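J.: Chains A and B supply the protein sequences, listed in that same order.
Residue numbering for the first sequence is 1 to 225, as defined by the working numbering.
Residue numbering for the second sequence is 1 to 229, as defined by the working numbering.
Keep in mind the hints are simulated off the structure, nothing from the lab.
All figures in this text were calculated on a predicted structure; none of them were measured in a lab.
Be aware that a few hints might be false.
Quick list of simulated restraints, FRET-style, between CB atoms [stated by the list, open to error]: (1) B:153 <-> A:27: 35 to 43 Å; (2) B:22 <-> A:82: 45 to 53 Å; (3) B:211 <-> A:148: 26 to 34 Å.
Where chain B lies over chain A, by a calculated footprint (3+ residues, C-beta under 8 Å) [what the hints assert, rightly or not]: (4) 72 to 84; (5) 139 to 151; (6) 175 to 183.
Just so it is clear, CB atoms sit at the ideal spot from N, CA and C, and this is done for glycine as well.
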Amino acid sequence: MKITTIDYWATSKDGFLHRLSPRVKAMGLICVIAAVVVLWNPVALACIFLALILIAVVGKLPLKLVLSLSAYPLIFTALLALTTELGSSASISIMLKGTTAACACVLLTLTTPYPVIFSMTRRVLPRLVNDALLLTYRTLFILGDALGNLMRAIHLRGALSWRHPLEALQTVASALGNLMLFSVSLAEADYDILYMRGYDGRIVPGEPPASDARPTARSGNRKED
Amino acid sequence: MSHIHLPDGILPVWVWVIGWIIALAWIFIANRIASPKPDILRRLPLLAVVSAFMLVAMSLEIVPLAYHVNLSVLAGTLIGPLLSPIAALIVEIVLAFVGHGGITVAGINLVLVALEMTLGSLLLRALIRLFGMKHIGLIGGIVTVITLAISTSLMLGVVSTISGSIPNHEGGMVSLKVFAETVYVLGPIGWLIEATLTGFILRYIASVRPSLLTENPERKGGRHENHDD
Numbered sequence: 001m002k003i004t005t006i007d008y009w010a011t012s013k014d015g016f017l018h019r020l021s022p023r024v025k026a027m028g029l030i031c032v033i034a035a036v037v038v039l040w041n042p043v044a045l046a047c048i049f050l051a052l053i054l055i056a057v058v059g060k061l062p063l064k065l066v067l068s069l070s071a072y073p074l075i076f077t078a079l080l081a082l083t084t085e086l087g088s089s090a091s092i093s094i095m096l097k098g099t100t101a102a103c104a105c106v107l108l109t110l111t112t113p114y115p116v117i118f119s120m121t122r123r124v125l126p127r128l129v130n131d132a133l134l135l136t137y138r139t140l141f142i143l144g145d146a147l148g149n150l151m152r153a154i155h156l157r158g159a160l161s162w163r164h165p166l167e168a169l170q171t172v173a174s175a176l177g178n179l180m181l182f183s184v185s186l187a188e189a190d191y192d193i194l195y196m197r198g199y200d201g202r203i204v205p206g207e208p209p210a211s212d213a214r215p216t217a218r219s220g221n222r223k224e225d
Numbered sequence: 001m002s003h004i005h006l007p008d009g010i011l012p013v014w015v016w017v018i019g020w021i022i023a024l025a026w027i028f029i030a031n032r033i034a035s036p037k038p039d040i041l042r043r044l045p046l047l048a049v050v051s052a053f054m055l056v057a058m059s060l061e062i063v064p065l066a067y068h069v070n071l072s073v074l075a076g077t078l079i080g081p082l083l084s085p086i087a088a089l090i091v092e093i094v095l096a097f098v099g100h101g102g103i104t105v106a107g108i109n110l111v112l113v114a115l116e117m118t119l120g121s122l123l124l125r126a127l128i129r130l131f132g133m134k135h136i137g138l139i140g141g142i143v144t145v146i147t148l149a150i151s152t153s154l155m156l157g158v159v160s161t162i163s164g165s166i167p168n169h170e171g172g173m174v175s176l177k178v179f180a181e182t183v184y185v186l187g188p189i190g191w192l193i194e195a196t197l198t199g200f201i202l203r204y205i206a207s208v209r210p211s212l213l214t215e216n217p218e219r220k221g222g223r224h225e226n227h228d229d
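Extracted from the complex, chain A is given alone in its bound form (with noise of 0.2 Å):
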């Protein structure tokens, strides 16, 4: 997963995919799922893939990056269609769903900043849900910047031989328990960052600004703040 990547090519590019509405391309995702899961036809479905292709390449996306992300699906349908006696049409059609599918949720994260995404989410999830999606989407970057530099100290240190799997196994788990208590004290600090800013309960994300694209918790009820 190339979150930071996507979240890049979401927030720093200005195609004509990023200027559409979020809506429609959230209508558009809706429709080619249906279509996914209604059809078997192979040749109706390498049709609608191909045409999500091409989307992405007058879109200016990273081909490459859209077809690796696409292609994740195929570990679990290549396999289904190795091991069973589906034939070649019902074994190409499976393939071709979950790549399709997946390539349309690619496109739209590809083009629509997780802030926006989540800002429609927030009619049908729950705010502490949604509340959590926001400040996962923030933590993430954290996170992943902090596991960065451990993974980059422990190649230039050389500990991480796969000639020694165990050993290898307990340096990066090392890394990952220093992660994992890094997270901990991080929660801490956002419940005080919460806490004085006066969360009443509800995080409102909405359009980020070009300069800005992190949600902020919505003034409450506190005077401090």
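Keeping the supplied structure of chain A fixed, place chain B upon it in accordance with the hints.
T.: This is chain B only, laid out in the frame that chain A set:
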């Protein structure tokens, strides 16, 4: 291999609809219990960082096997069974939007991951109470293998429903015997990697901050417990 996030369009509609019904009911109950103030203020940051921790851990790929760890037992132990389905929902939503598991089947994927977290958390805490911290690494490893074996078997049970919905090339029913055998051969490799990693992490935490494994997870996440009381 232990964590195959099911993609869209494969399962019959009734299966993923039931998956969503179970998932939403579980989320509704968890949300009703977790949301009242002032608890929400304490739970929200912990929920967010644990979800982010799982997602970041998943980004560490074990290259030759195309496998990634979930650390669901560890995450479940940190936040407890109550918040586990909500954390699983957050993880599945983010994953679905990056093409890693489908949107229609996010309900089923959620139930499987939440089950791993809940079961793992309950088992691990029960065994810690029984045996203490002395063999925490081994206990964590065993619990991880048990929970992953259960969730993989459940996943196979869910996948077996397609045998009635997709005809094979001879027009008969699809046999999933070879698929199941392949999963049970390749799956344990993934279980062992995740179990070893979880065991080592638990041993590390037990030596640095053991209170994280013994305290009630519902009380973690905030230093000032009586702000709003």
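J.: Each hint: holds or not?
T.: Results for each hint:
Separation of residue 153 of chain B from residue 27 of chain A is about 38 Å and conforms to the stated range, judged on CB atoms against 35 to 43 Å. Distance hint for residue 22 of chain B and residue 82 of chain A: a CB-CB separation of about 30 Å, inconsistent with the stated range 45 to 53 Å. For residue 211 of chain B paired with residue 148 of chain A, a C-beta distance near 28 Å keeps the hint of 26 to 34 Å intact. As drawn, the region 72 to 84 of chain A meets chain B at 9 residues by the rule of a beta-carbon pair under 8 Å; at three or more, the given contact holds.
Counting residues of the region 139 to 151 of chain A whose CB lies closer than 8 Å to any CB of chain B gives 7, which reaches the minimum of 3, so the coverage claim holds. Given as covered by chain B, the region 175 to 183 of chain A passes the check, having 7 residues with a CB less than 8 Å from a CB of that chain where 3 are the minimum.
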